[in-house]
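Enquirer: Chain residues, written in single-letter form:
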Amino acid sequence: MAHGPAKGIGRWLFTTNHKDIGTLYLWFSFAMFLLGGFFAMVIRAELFEPGMQIIKPEFFNQMTTMHGLVMVFGAIMPAFVGLANWMIPMMIGAPDMALPRMNNLSFWILPFAFALLASTLFMEGGAPNFGWTFYAPLSTTYAPDTVNYFIFGVHIMGASSIMGSINIIATVLNMRAPGMTLMKMPMFVWTWLITAFLLIAVMPVLAGAVTMMLMDINFGTSFFSAAGGGDPVLFQHVFWFFGHPEVYIIILPAFGVISHIVPTFSRKPLFGYSSMVYATASIAFLSFIVWAHHMFLVGMPIGGELYFMYATMLIAVPTAAKIFNWISTMFRGSMTFETPMLFAIAFIILFTIGGFTGLMMAIAPSDIQYHDSYFIVAHFHYVMVAGAVFSGTAAVYYWLPKWCGKMYDETMGKVQFWVSFVGFNIAFFPQHFLGLAGMPRRYADYALQFSDWNMISSVGAFIYGAAQLLFMFNVIRTIRSGTPVSEPKTWEGAEGLEWTLATPVPYHTFATPPEVK
Amino acid sequence: MSRRANMLFALVLAPVLALISSGSALAEEAQRWAVNLPKGVTPVSNAIYEIHMIIFWICVVICIGVFGVMFYSMYAHRKSRGAVAANFHENTTAEVVWTVIPALILVVMAIPATSTIIQAYDTSEAEMDIKITGYQWKWQYEYLGEDVAFMSELSTPESEIYNTAPKSQYYLQEVTEPLVIPAKTKVRFLLTAKDVIHSWWIPDFGVKKDAIPGYVTESWTFVEEPGVYRGECAELCGKGHAFMPIVVNVLEKEEYNAWLGEKKAEVAAIRELAKKTFTKEELMAKGKEAYDRSCASCHMGNGEGIPGVFPGLKEGSAAVGPVANHLDVVVNGVAGTAMQAFGGQLSEVDLAAIITYERNAWGNDTGDVVQPIDILKFKQGQ
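Chains as they are written, first to last, in my numbering: chain A, 1 to 517; chain B, 1 to 382.
No lab work stands behind these hints, which were simulated from the structure alone. Please read all numbers here as calculations on a predicted model, not as lab measurements. Every clue listed holds true.
Simulated pairs of lysine to aspartate or glutamate, DMTMM-like, Cα-Cα distance not exceeding 20 angstroms:
| # | chain 1 | residue 1 | chain 2 | residue 2 |
| --- | --- | --- | --- | --- |
| 1 | A | Lys184 | B | Glu90 |
| 2 | A | Lys56 | B | Glu158 |
| 3 | B | Lys253 | B | Glu142 |
| 4 | A | Lys56 | B | Glu160 |
| 5 | B | Lys79 | A | Glu495 |
| 6 | B | Lys314 | A | Glu124 |
| 7 | A | Lys56 | B | Asp292 |
| 8 | B | Lys79 | A | Glu492 |
| 9 | B | Lys194 | A | Asp231 |
| 10 | B | Lys79 | A | Glu410 |
All chains should be modelled from the sequences, with the hints used to inform the complete structure.
Expert: As structure tokens, then:
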């Protein structure tokens with residue numbers, strides 16, 4: 001191709017290059033990860049001891065809400081969109097994304113969405129304080145006026161996600177290299193294709209929920225107000241019809257990443273490629289029909305309770321198939337344990353633990369005790385942090401040498417892994433105990449019998465937080481002064497079109513499509 | 001290299017071992033370092049505990065099996081030991097097996113789960129009904145058919161919360177007046193809320209149910225042993241979410257009946273008191289006490305509120321405007337805002353005292369005195 005990247009800030013503002021946009025997404029999500037992490041540190045510092053020490057309860061609620069929103073919508077989702085932007089065209093032999101200008105737009109509206117959301121911290125009334133699940137009527141009648149900024153922010157994030165998804169679907173369905181049938185697509189592409197359909201299906205539902213809130217708050221409707229003939233439980237149904245697929249939107253691309261890293265470092269092909277594809281599709285389908293397991297205590301009829309329990313338990317089957325597949329891939333391989341592989345193995349172990357606690361909570365009677373306690377906090381951090389974040393970290397270490405032609409510091413990577421792994425478990429394993437012993441979630445202060453585990457959990461959280469700074473340092477150091485590498489395959493066992501390209505990857509790739517046998 | 005694998009193994013298993021060994025720990029230490037669900041004191045909590053343990057052990061066994069294979073591969077099939085990769089993939093038999101076996105295990109789990117949830121839902125043939133209403137941030141208990149109702153709020157003082165006084169044993173788990181129920185009696189709870197969603201949770205009973213405005217949800221309990229049981233609100237309900245605990249005092253039936261008799265007499269006495277005329281000083285003193293208990297969590301002890309969230313009660317507010325309007329706001333609340341209707345929550349004496357206090361405290365020197373009889377007249381005049 002005739003031209004390289006433009007010079008100066010214009011390169012980033014006006015870029016339509018999938019690699020540049022991928023980079024923007026990744027840096028933006030990392031910035032949000034640090035911001036959301038800072039909120040988490042405030043939360044854990046306050047919970048270090050019983051009693052209110054550094055913040056007030058109303059600010060504590062703003063911190064838990066902002067931590068959740070920023071991490072889910074600002075850190076994890078954009079991180080995987082960034083990886084999709086970088087990797088999907090390279091994996092399917094396409095020169096770029098199908099809709100490059102829309103790609104630029106879908107990224108550049110995100111900083112505005114989060115600026116709106118974060119600006120509420122400095123307004124009278126403070127930031128959203130009703131939890132990331134924003135149950136009505138706490139988020140409508142009883143919310144601070146700043147809730148309108150939150151609603152507008154969510155609308156923009158939704159628009160960004162929908163545009164990103166349309167782009168991914170258009171790219172995957174139209175721009176695969178000749179010979180790459182759907183069942184020859186790399187797993188990461190498959191998981192993202194399915195994720196993109198989930199996003200298109202549920203983001204409008206979320207938009208509907210916040211629009212109904214907007215009407216209730218400002219225009220006198222009563223969608224969620226019992227006093228006006230509305231229904232607060234309707235909000236939960238609508239929210240979780242979005243919210244449950246949302247958790248798979250987060251985890252499916254993570255599964256995709258792991259399905260690349262495990263075969264690479266086992267030097268053995270993925271054990272059951274087609275069963276992995278079918279398992280992913282089944283999980284996506286099931287994700288639409290289990291939403292009310294988040295609502296076991298709202299007083300559903302017993303029939304509804306039983307249905308949602310059975311349907312939820314079913315998800316364990318395709319998920320278990322995935323775990324067995326990864327382990328069979330490792331079995332009788334020739335394994336090495338570089339940083340991405342360490343994160344991938346930790347992912348398998350910790351995600352499985354999170355999966356088991358998820359299964360425990362699917363059991364409706366047991367959920368009576370687990371619901372809204374620290375047990376669920378532990379559960380979703382095992383799947384969100386040790387699941388999605390570990391997988392994202394593994395992906396960065398795995399592909400960074402390919403992207404920038406420089407090798408990261410392996411020792412520093414391993415140190416970061418071990419500090420993260422230990423810190424994470426010290427932070428979150430005791431939260432299972434707290435929940436079982438009876439500590440509810442979103443508590444600014446707690447009874448004395450919860451003191452010890454809370455203190456340990458806070459120490460773990462600080463350790464985990466510190467490890468992320470090391471991650472940032474390692475990545476920046478690699479980009480600026482890592483050891484140059486030039487062989488197309490960074491890793492001996494790596495397979496796929498992306499590894500046939502030059503290292504570092506040129507600005508424009510696959511101007512002529514490769515032939516896939 | 002195998003040392004590292006062992007370390008990993010130990011790290012993963014240590015918490016599991018902690019869970020197993022906890023049974024033998026000393027009672028007090030066990031509560032501090034509690035790692036498991038309490039067994040509880042009701043048939044439902046016991047059944048939940050059984051299922052919890054069954055599923056926990058199934059998960060542990062599967063973990064050992066699955067991770068065992070993985071750790072074995074990580075040890076035996078590593079390149080540094082000279083392992084050469086095999087090239088097998090796709091095996092339909094294996095895939096069918098690992099789909100069918102988990103499905104069968106799920107069926108085994110679903111059987112006790114189904115019977116227990118049906119048991120937890122069975123509120124029929126209750127011997128008594130208690131209506132529980134969640135407010136920001138307190139509970140109201142009404143003994144249906146007995147004409148007894150009262151509010152139950154956190155009694156831990158602010159000084160303990162803000163660390164100016166040492167914390168007592170039941171820090172944040174003590175209330176002004178506990179719910180009292182008889183032992184060996186099937187008690188049905190009818191739950192609702194006046195403002196936002198709350199959730200009423202007593203771990204020892206295996207009872208947790210959302211209290212939702214506009215809905216009445218049901219739960220029940222049958223407690224064998226008398227005693228004091230503590231719980232908390234489990235659904236985020238605003239800034240006082242962590243500060244609306246639940247205490248249930250379970251008494252033997254005779255003691256319960258005696259308590260109920262006393263309670264009825266107390267209700268009658270409070271009604272009688274409403275006819276009395278108080279001096280301004282009496283009302284101010286009572287008013288400060290009642291205000292700090294029922295109003296200060298939003299409007300703050302100094303009457304300044306929280307800007308942008310809860311209005312202050314000084315200049316420009318209802319507290320210095322016409323008395324009739326002030327009565328209306330306090331007794332009936334303000335629709336569409338967080339201001340509750342206190343008419344049904346507090347006695348006439350407390351209402352009169354609070355209104356008098358608000359009109360004369362913090363430099364609001366209106367000089368107005370409102371008597372309990374004024375409240376009664378206002379309520380009757382509506």
